[in-house]
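**Q** Sequence:
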Amino acid sequence: MSHQRIIDALEAQFVAHQLLFWDDPEGEFSAWVDGLSLEGVQVLRLDRTPSLQVKLDVERSPGTRWLFYRPAAEPGPSKDWLLDLRLRGRAFRADSNSMLLDDLGLTSQALRPHLKARNKFLRAKDRVEKLRRLVTPGDDAEALDRKMLAVLVRS
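Here the numbering used here is used: position 7 in the sequence shown is 549, and no number is missing along the way.
Don't take each hint at face value.
Unchecked claim - Here are the simulated DSS-like cross-link-like pairs (lysine-lysine), alpha carbons at most 27 angstroms apart as the crow flies: (1) Lys-621 with Lys-597; (2) Lys-662 with Lys-672; (3) Lys-667 with Lys-689; (4) Lys-689 with Lys-672; (5) Lys-689 with Lys-658; (6) Lys-658 with Lys-672; (7) Lys-689 with Lys-662.
Keep in mind that the hints were calculated from the coordinates and are not lab data.
Could you put the whole structure together from the sequences, leaning on the hints where they help?
**A** Pasting the structure below:
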């Protein structure tokens, strides 16, 4: 995924949300995030900043927009010291399946593995464009498969 597309997606999210949490389980963007600069946004790496310091910084700067990056999976609620902030903010994902979910207008992140399994179908941009016209935000895996079949048979 291109870095410019990620920057555009982040800027679009910051229009409506002040706090973004970016959990990167594979850590594939770890080096790139160090040089990331977005106008009016504070970027904090959660692997390098203590949780209490994060809370203090956020509370002392109420009008500031924050991007919290963690090169690991999202912790469970009982182990997340920043759960109160996470609930006030929004999750951001930059893997190709998450971006595809956003492009299609789907709301369920649970469909990410489902899309990954259908990667061959989704590689064709013309198929994705046709599928985008058929998909509704609340579609589940079964409805998505039916709509993929409709694209394939050109109905």
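**Q** Does the structure keep Lys-658 and Lys-672 at a Cα separation of 27 angstroms or less?
**A** holds (18 angstroms)
**Q** Does Lys-689 pair with Lys-662 here, judged by a C-alpha cut-off of 27 angstroms?
**A** OK: Lys-689 and Lys-662 at ~15 angstroms, within 27 angstroms.
**Q** Would the pair Lys-689 and Lys-672 pass a check requiring their Cα atoms to be no farther apart than 27 angstroms?
**A** Judged against 27 angstroms, a Cα distance of about 9 angstroms means the pair holds.
**Q** Does Lys-621 pair with Lys-597 here, judged by a C-alpha cut-off of 27 angstroms?
**A** The hint holds at about 15 angstroms.
**Q** Does Lys-689 sit within 27 angstroms of Lys-667, going by the straight-line distance between their CA atoms?
**A** holds (15 angstroms)
**Q** For the pair supplied as a hint, Lys-662 and Lys-672, confirm whether the alpha-carbon distance does not exceed 27 angstroms.
**A** holds (15 angstroms)
**Q** Does the structure keep Lys-689 and Lys-658 at a Cα separation of 27 angstroms or less?
**A** holds (16 angstroms)
Comparing the model with each numbered hint stated earlier shows that all of them hold.
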